[in-house]
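Put together the whole structure using the sequences plus the hints.
Residue numbers 2 to 129, in the numbering used here, belong to the letters of the sequence shown in order.
It should be emphasised that the hints constitute simulated quantities derived from the structure, not laboratory data.
All of these numbers come straight from a predicted model, not from anything done at the bench.
Quick reminder that beta carbons are idealized off the backbone N, C-alpha and C, glycines included.
Certain hints may be false.
No farther apart than 30 Å at their CA atoms in a straight line, the calculated lysine-lysine pairs in the DSS-like style are these [said to hold, decoys possible]: (1) LYS50 <-> LYS121; (2) LYS84 <-> LYS50; (3) LYS84 <-> LYS42; (4) LYS86 <-> LYS121.
Label-pair restraints from in silico Cβ distances [as the list claims (entries may be wrong)]: (5) GLU83 <-> ALA112: 17 to 25 Å; (6) ASP17 <-> ARG68: 24 to 32 Å; (7) ARG68 <-> GLU39: 15 to 23 Å.
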Amino acid sequence: MCCILDWSATNRKKLDMKTFYLALDLVDDPVRIQEYEEHHKKVAPEILKSITDSGITNMILYRTGNRLFMIIEAEDHFDFEEKSKMDASNPKVQTWEALMDTYQQRLPWSAEGDKWVLMKEIFNLKKQ
2 MCCILDWSAT NRKKLDMKTF YLALDLVDDP VRIQEYEEHH KKVAPEILKS
52 ITDSGITNMI LYRTGNRLFM IIEAEDHFDF EEKSKMDASN PKVQTWEALM
102 DTYQQRLPWS AEGDKWVLMK EIFNLKKQ
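In C-alpha coordinates form, the structure reads like this:
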(Lines of atoms letter the chains of each structure in order from A; the text may use other names.)
(Lines give C-alpha, C1' and ligand atoms only; values in the text may rest on other atoms or scores of the structure.)
Protein backbone atom coordinates (compact mmCIF):
# COMPACT_ATOMS: atom_id res chain seq x y z
CA MET A 2 0.00 0.00 0.00
CA CYS A 3 2.64 2.58 0.96
CA CYS A 4 6.07 3.01 2.38
CA ILE A 5 7.10 3.54 6.01
CA LEU A 6 7.55 7.10 7.19
CA ASP A 7 10.48 8.08 9.38
CA TRP A 8 9.40 7.87 13.00
CA SER A 9 11.15 8.81 16.19
CA ALA A 10 13.39 6.13 17.69
CA THR A 11 12.97 7.91 21.03
CA ASN A 12 9.19 7.49 20.93
CA ARG A 13 9.54 3.90 19.74
CA LYS A 14 11.72 3.03 22.74
CA LYS A 15 9.35 4.74 25.15
CA LEU A 16 6.10 3.47 23.70
CA ASP A 17 7.14 0.56 21.45
CA MET A 18 4.94 2.20 18.84
CA LYS A 19 5.04 3.82 15.42
CA THR A 20 3.23 6.97 14.39
CA PHE A 21 2.23 7.73 10.80
CA TYR A 22 0.82 10.91 9.29
CA LEU A 23 -1.21 10.69 6.09
CA ALA A 24 -3.20 13.00 3.82
CA LEU A 25 -6.09 12.61 1.39
CA ASP A 26 -8.64 14.91 -0.22
CA LEU A 27 -12.40 14.61 -0.17
CA VAL A 28 -14.62 15.51 -3.10
CA ASP A 29 -14.97 19.29 -2.74
CA ASP A 30 -18.69 19.37 -2.02
CA PRO A 31 -19.95 20.57 1.39
CA VAL A 32 -22.88 18.12 1.38
CA ARG A 33 -20.63 15.15 0.57
CA ILE A 34 -18.09 16.27 3.19
CA GLN A 35 -20.85 16.42 5.83
CA GLU A 36 -22.03 12.93 4.82
CA TYR A 37 -18.46 11.64 5.15
CA GLU A 38 -18.19 13.07 8.65
CA GLU A 39 -21.56 11.54 9.59
CA HIS A 40 -20.37 8.09 8.49
CA HIS A 41 -17.41 8.46 10.85
CA LYS A 42 -19.67 9.16 13.82
CA LYS A 43 -21.09 5.64 13.62
CA VAL A 44 -18.39 3.29 12.31
CA ALA A 45 -19.46 -0.36 12.44
CA PRO A 46 -17.82 -2.50 15.14
CA GLU A 47 -16.43 -4.85 12.45
CA ILE A 48 -14.53 -1.95 10.88
CA LEU A 49 -13.16 -0.81 14.23
CA LYS A 50 -12.08 -4.38 14.99
CA SER A 51 -10.29 -4.65 11.64
CA ILE A 52 -8.33 -1.52 12.53
CA THR A 53 -7.28 -2.67 15.98
CA ASP A 54 -6.60 -6.27 14.86
CA SER A 55 -3.93 -4.91 12.50
CA GLY A 56 -1.96 -3.38 15.38
CA ILE A 57 -3.34 0.15 15.12
CA THR A 58 -3.95 1.45 18.64
CA ASN A 59 -5.36 4.84 17.68
CA MET A 60 -6.49 6.57 14.50
CA ILE A 61 -7.40 10.25 14.39
CA LEU A 62 -8.84 12.17 11.42
CA TYR A 63 -8.69 15.94 11.02
CA ARG A 64 -10.17 18.03 8.22
CA THR A 65 -9.59 21.49 6.82
CA GLY A 66 -11.66 22.35 3.77
CA ASN A 67 -11.65 19.15 1.74
CA ARG A 68 -8.18 18.01 2.92
CA LEU A 69 -8.03 15.16 5.44
CA PHE A 70 -5.11 14.50 7.76
CA MET A 71 -4.85 11.15 9.55
CA ILE A 72 -2.65 10.17 12.47
CA ILE A 73 -2.11 6.46 13.03
CA GLU A 74 -0.53 5.21 16.24
CA ALA A 75 0.41 1.56 15.88
CA GLU A 76 2.25 -1.22 17.62
CA ASP A 77 5.83 -1.78 16.51
CA HIS A 78 4.86 -4.80 14.36
CA PHE A 79 2.26 -2.85 12.32
CA ASP A 80 2.74 -3.10 8.55
CA PHE A 81 0.70 -1.34 5.84
CA GLU A 82 1.03 -4.24 3.41
CA GLU A 83 -0.20 -6.72 6.02
CA LYS A 84 -3.13 -4.40 6.82
CA SER A 85 -3.99 -4.27 3.10
CA LYS A 86 -4.01 -8.07 2.90
CA MET A 87 -6.26 -8.30 5.95
CA ASP A 88 -8.64 -5.71 4.47
CA ALA A 89 -8.77 -7.47 1.09
CA SER A 90 -10.06 -10.63 2.74
CA ASN A 91 -12.71 -8.86 4.85
CA PRO A 92 -16.03 -8.26 3.02
CA LYS A 93 -17.22 -5.71 5.63
CA VAL A 94 -14.04 -3.66 5.17
CA GLN A 95 -14.37 -3.89 1.39
CA THR A 96 -17.94 -2.56 1.58
CA TRP A 97 -16.85 0.28 3.90
CA GLU A 98 -13.89 1.17 1.66
CA ALA A 99 -16.10 1.19 -1.46
CA LEU A 100 -18.50 3.59 0.27
CA MET A 101 -15.68 5.85 1.54
CA ASP A 102 -14.14 5.86 -1.93
CA THR A 103 -17.23 7.67 -3.25
CA TYR A 104 -16.30 10.63 -1.03
CA GLN A 105 -12.54 10.58 -1.50
CA GLN A 106 -10.25 11.81 -4.25
CA ARG A 107 -6.60 11.00 -4.60
CA LEU A 108 -3.91 13.61 -4.24
CA PRO A 109 -2.35 14.36 -7.63
CA TRP A 110 0.99 12.88 -6.53
CA SER A 111 -0.36 9.68 -4.97
CA ALA A 112 0.93 6.40 -6.35
CA GLU A 113 -1.33 4.25 -8.51
CA GLY A 114 -3.72 2.34 -6.27
CA ASP A 115 -3.01 4.45 -3.16
CA LYS A 116 -5.55 6.73 -1.56
CA TRP A 117 -3.86 7.95 1.60
CA VAL A 118 -0.38 9.42 1.14
CA LEU A 119 2.24 9.31 3.86
CA MET A 120 3.49 12.74 4.83
CA LYS A 121 7.18 13.56 5.15
CA GLU A 122 8.40 15.09 8.39
CA ILE A 123 10.17 18.36 7.60
CA PHE A 124 10.59 19.84 11.08
CA ASN A 125 10.68 18.47 14.60
CA LEU A 126 11.49 20.81 17.49
CA LYS A 127 12.81 17.92 19.60
CA LYS A 128 15.38 17.08 16.92
CA GLN A 129 16.81 20.62 16.76
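Against the structure, the hints come out as follows:
1. LYS50 <-> LYS121: holds (28 Å)
2. LYS84 <-> LYS50: Since the Cα atoms of LYS84 and LYS50 sit roughly 12 Å apart, the hinted pair holds (cutoff 30 Å).
3. LYS84 <-> LYS42: Answer holds: LYS84 to LYS42 is near 23 Å, not above 30 Å.
4. LYS86 <-> LYS121: holds (24 Å)
5. GLU83 <-> ALA112: 17 to 25 Å: The hint (17 to 25 Å, Cβ to Cβ) holds, given that GLU83 and ALA112 are roughly 18 Å apart.
6. ASP17 <-> ARG68: 24 to 32 Å: Holds, at about 31 Å.
7. ARG68 <-> GLU39: 15 to 23 Å: holds (18 Å)
In the structure shown, no violation is registered for any of the earlier numbered hints.
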